[in-house]
Amino acid sequence: MIPLPFYLLLAAALFCIGLFGALARRNAIAILMGIELMLNAVNINLIAFWRYIQPAAPTWDLAGQIFALFVITLAAAEAAIALALVIAIYRSRDTVNVEEVDLMKW
Amino acid sequence: MELAIFYLFASIAIVAALGMVVLRNAVHSALSLAVVFVALAALYVLLNAPFIAAAQVMIYAGAILILFVFVIMLLSPRVDQGAGALKWQRPLAALCGLVFAVELAIVAASALLPTERGPFTPERLAEIGDVQAVGALLFTDFLLPFEITSLLLLVAMVGVIVLAKKR
Chain A
-7 MIPLPFYLLL
3 AAALFCIGLF
13 GALARRNAIA
23 ILMGIELMLN
33 AVNINLIAFW
43 RYIQPAAPTW
53 DLAGQIFALF
63 VITLAAAEAA
73 IALALVIAIY
83 RSRDTVNVEE
93 VDLMKW
Chain B
423 MELAIFYLFA
433 SIAIVAALGM
443 VVLRNAVHSA
453 LSLAVVFVAL
463 AALYVLLNAP
473 FIAAAQVMIY
483 AGAILILFVF
493 VIMLLSPRVD
503 QGAGALKWQR
513 PLAALCGLVF
523 AVELAIVAAS
533 ALLPTERGPF
543 TPERLAEIGD
553 VQAVGALLFT
563 DFLLPFEITS
573 LLLLVAMVGV
583 IVLAKKR
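Note that the protein sequences, when read in sequence, are chains A and B.
My numbering applies: residue -7 is where the first sequence begins, and numbers increase by one.
My numbering applies: residue 423 is where the second sequence begins, and numbers increase by one.
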């Protein structure tokens, strides 16, 4: 039997690694991968809490799995849009380095 | 036994996640991310959520990651250079991540968490049927969010086509 904090600590570690990746990388695609990792960490929490907590109402007893499913769907939509943006940026500026995409900054 | 499996896949996930962040080559990063996704799917099985585990492998490792690798191959971006205009960015990002990790660890260790597992044993899930129960819930209590999700996917699809179209 695995205590619940083990899952929460694993999720926290993965979330923070994803946060570091999203903040430290310059490649736009690598930043997106960090964001995907953070979304995954949230999913672990959802499923772990679903497994360990008693449901308030019997009809909602699988709500944790449903939420995780919605997060996966949103991650798919987000990845598709963001990668299309990366392709559009690459076409117009010939780079995926976020430091060089500063047209709106100045 | 259960604990050993948890440690195995958790350590695989964390090492692969670190590899994803540290490796300079984008293709290597993407492959490390695939390892993370599969390890997490194994943990979902351990948590008695086989449907989510299957969805994880199919959607994350199957669809999203293929999309990433496809874009990486299409653009073949140069690898991240270590020295850029923002040299202080990397230590600052590490600091942010560490502070956040410590906060989360304190909360997870001190919060009042249930020590017993809930009612969803493998026997109970076999009785109500995991996929059947999720599907029934999606089409009854969560029907509106479900339909809004289809709208969201449609908008995302149209947006991607418009954004990626050659002008």
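Because the hints were derived from the structure by calculation, they are not lab data.
All values reported here derive from a predicted model rather than from experimental measurement.
Worth double-checking, as some hints may not be accurate.
[To be verified] Among chain B residues calculated to face chain A with C-beta under 7 Å, some are:
| # | residue |
| --- | --- |
| 1 | Leu425 |
| 2 | Ala523 |
| 3 | Phe561 |
[Unchecked claim] Here's a subset of chain A near chain B, in silico, CB distances under 8 Å, partners left out:
| # | residue |
| --- | --- |
| 4 | Pro(-3) |
| 5 | Ala5 |
| 6 | Gly13 |
| 7 | Ala22 |
| 8 | Met25 |
| 9 | Ile36 |
| 10 | Tyr44 |
| 11 | Ile45 |
| 12 | Gln46 |
| 13 | Ala60 |
| 14 | Ala76 |
| 15 | Tyr82 |
Virtual Cβ for every residue (Gly too), placed ideally from N, Cα, C.
Quick rundown of the hints versus the structure:
1. Leu425: Check passed: Cβ of Leu425 of chain B comes within 6 Å of chain A, closer than 7 Å.
2. Ala523: holds (4 Å)
3. Phe561: This hint is violated: Phe561 of chain B lies away from chain A, its Cβ roughly 11 Å from the closest one there, beyond 7 Å.
4. Pro(-3): holds (5 Å)
5. Ala5: holds (6 Å)
6. Gly13: holds (4 Å)
7. Ala22: holds (6 Å)
8. Met25: With Cβ-Cβ at 5 Å, under 8 Å, it holds.
9. Ile36: Since the shortest Cβ distance to chain B is 6 Å, the answer is holds.
10. Tyr44: Holds. Min distance 5 Å.
11. Ile45: holds (6 Å)
12. Gln46: Because about 5 Å separates Gln46 of chain A from the closest Cβ in chain B, which is inside the 8 Å limit, the hint holds.
13. Ala60: Constraint on Ala60 of chain A satisfied, holds at 5 Å.
14. Ala76: Result: holds, 4 Å to nearest chain B Cβ.
15. Tyr82: This interface hint holds because 5 Å falls under the 8 Å limit.
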